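Using the sequences and the hints given, assemble the complete structure.
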Amino acid sequence: MEIRHLIYFKTVAEELHFGRAAERLFMSQPPLSRQIKDLEDELGVILFFRTNKRVELTEAGKYFLEEVVEILQNLEHSKTITKQIHNNISGEFKLGYISSTPKQMLATVLKQIQQKFPYLRVSLFETSTQKQKAALENGKLDLGIMRAPIYASELLVTPLFEDPMVIAGSTEVDFKNINFFNENFISFNQKYASEYHRLTINTCNRMGFEPKIVHQSNSMSSILELVSQGLGLAVVPASTIKQYPHLKLKILKLDDVDSKTEVILVSNIKSKNSALAEFIQCIQKEYLKFNKG
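Going by numbering that gives the first Met the number 0, the residue at position 90 of the sequence shown is 89; the numbering climbs one at a time, nothing skipped.
One thing to keep in mind: the hints can contain errors.
[Stated by the list, open to error] Simulated restraints on C-beta separations: (1) 3 - 91: 44 to 54 Å; (2) 270 - 16: 51 to 61 Å; (3) 240 - 177: 33 to 43 Å.
[Unchecked claim] Here are the simulated DSS-like cross-link-like pairs (lysine-lysine), alpha carbons at most 25 Å apart as the crow flies: (4) 269 - 82; (5) 259 - 132; (6) 110 - 259.
Hints in this document: simulated from the structure, not taken from any laboratory. Just so you know, these numbers come straight off a predicted model, no measurement behind them. Glycine is no exception: its CB is placed at the ideal position from the N, C-alpha and C atoms.
Okay, here's the thing in structure tokens:
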């Protein structure tokens, strides 16, 4: 018994007509009838009742059809897994991202990847740009969503978008009459996200004051939560405000064209993970939708 015998039998069982089954199989009817007869002889059973007017499955044939369907499905499943293992699209994909990454966008990307690569396990790591850079260099991450600049010859940078900085405050803040010298500020921890911390200070310096940073956090959501509670102001990327519509926030747009940050995708140029290109494409597409929304 060969796989082709099972396929021939299943096709006849589905059509209950040898002529139509032969057409589906791109063969003539007599050889198909012989193959089914050979299968019946090997099994020692009758699979079909045949008359001049119709073809019906016997009870044995009905049982055998259920088994054949399961066998062929398992075979296809095994072929798919084997191919994905060969193409390195199974196992684990490690994705890093900064805390300001839109979680809804991230969830959409993961759903698309799961449909494309159902046997790929994705591990997520929310961490700073600096830690992502080190992990990429050491082969502990496959791809990172982070903020520029990144300086490393072995890392490949794919731009996503430029994000203007704004000053966020609670709804009680009066930006028209505010004296920034007297205001408390909230920022990322300097050791955790040094470039972002520096961007906050430089933005305030260009506005003519030194920020009085009284609270520091390692999470954008925590920073904005503290801001909404009136504990201080924060220099944040404009895109982050859209992610937290439930928070009571007010923003001040800045005229300074240099007060901006760039979100980038970073991978190691030596990476051989076959899912990498699909991840980059999906993330680029979803970020474009997010920024247009």
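Here is how each hint holds up against the structure:
For residue 3 paired with residue 91, a C-beta distance near 38 Å fails the hint of 44 to 54 Å. As the Cβ distance of residue 270 to residue 16 is approximately 53 Å, the hint placing it in 51 to 61 Å holds. Separated by about 18 Å at the C-beta atoms, residue 240 and residue 177 break the suggested range of 33 to 43 Å. With a CA separation close to 22 Å, the supplied pair residue 269 and residue 82 stays within the 25 Å bound.
Under the criterion of a C-alpha separation no larger than 25 Å, the hint pairing residue 259 with residue 132 is consistent with the structure, at around 21 Å. A C-alpha spacing of about 31 Å is found between residue 110 and residue 259, which places the hinted pair above 25 Å, so the restraint is violated.
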